[in-house]
Amino acid sequence: MINVLYFAWLRERIGVASEQVETQAKTVADLVAELCARDERYAVAFEDLGALRVALDQDLAEFDAPLAGVREVAFFPPMTGG
Amino acid sequence: MVIRVESAPFDFTTEAGAFGAGRHDIGAIVTFCGIVRDLTGDLQAMQIEHYPGMTERALMKIEAEATARWQLADSLIIHRFGLMRPGETIMMVATAAAHRADAFAAAEFLMDYLKSRAPFWKKEQSRGGETWVAAKAEDEAALTRW
Chain A
24 MINVLYFAWL
34 RERIGVASEQ
44 VETQAKTVAD
54 LVAELCARDE
64 RYAVAFEDLG
74 ALRVALDQDL
84 AEFDAPLAGV
94 REVAFFPPMT
104 GG
Chain B
412 MVIRVESAPF
422 DFTTEAGAFG
432 AGRHDIGAIV
442 TFCGIVRDLT
452 GDLQAMQIEH
462 YPGMTERALM
472 KIEAEATARW
482 QLADSLIIHR
492 FGLMRPGETI
502 MMVATAAAHR
512 ADAFAAAEFL
522 MDYLKSRAPF
532 WKKEQSRGGE
542 TWVAAKAEDE
552 AALTRW
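Residue numbers (the working numbering), protein chains in the order written: chain A, 24 to 105; chain B, 412 to 557.
Simulated from the structure, these hints should not be mistaken for laboratory data.
Don't take each hint at face value.
Some, not all, of what chain B presents toward chain A, calculated at C-beta under 10 angstroms [said to hold, decoys possible]:
hint, residue
1, G464
2, M522
3, E551
Pairwise CB distance ranges (calculated) [stated by the list, open to error]:
hint, chain 1, residue 1, chain 2, residue 2, range
4, B, T542, A, A88, 46 to 56 angstroms
5, A, D62, B, A439, 52 to 62 angstroms
6, A, N26, B, F421, 46 to 56 angstroms
7, A, D82, B, L454, 28 to 38 angstroms
8, A, A66, B, A509, 25 to 35 angstroms
9, A, M24, B, L454, 12 to 22 angstroms
Where a beta carbon is used, it is the ideal one built from N, C-alpha and C, also for glycine.
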């Protein structure tokens, strides 16, 4: 089980802020593919991965990063702090 | 070294006045304050979302990096989340050092990294509706100078 979080417009498009996902995905990209296959909302939200960022256990990561041992995955658009 | 992520308004001048007060090893303090701006007169409010936990973690990493690069006596980052009106203070950064070059450089570094590497997202609310603020390419490009 992995806790998956969504922020900003990604959260709005998918319709939930977080969810528990049962997955055998080996990488972040595999997890995204699983989510997209599950429902059209995900496919639309994840259409352009270049416009999204991912964090694994609260550290920024790449989409080809492995998920082994990861408890929390967060997807979000580029950050706009300051 | 202090990091505060909070929704309540804060008073920039009070925070800036208390920062570094009473210390005699500080020769320079640089402060920056970010404010909700409304250049067109249409903005009603700014909503800032963040990622609790990762936000503090990211800011601590950025602050630790600044402390490793420059001779800092102290630093402070305050960043708000939630709903803010035009004119309200969003965030502030303060750096203190023996010499001004370290304080200036560290403050700019903190701001550059905070804009693109701390998990905050701004949404503008105007009469026309709500719009997520898009990240600027120049903000990302600013990181390459460090």
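Are there hints from earlier that the structure breaks, and if so, what are their numbers? 4, 6, 8 and 9
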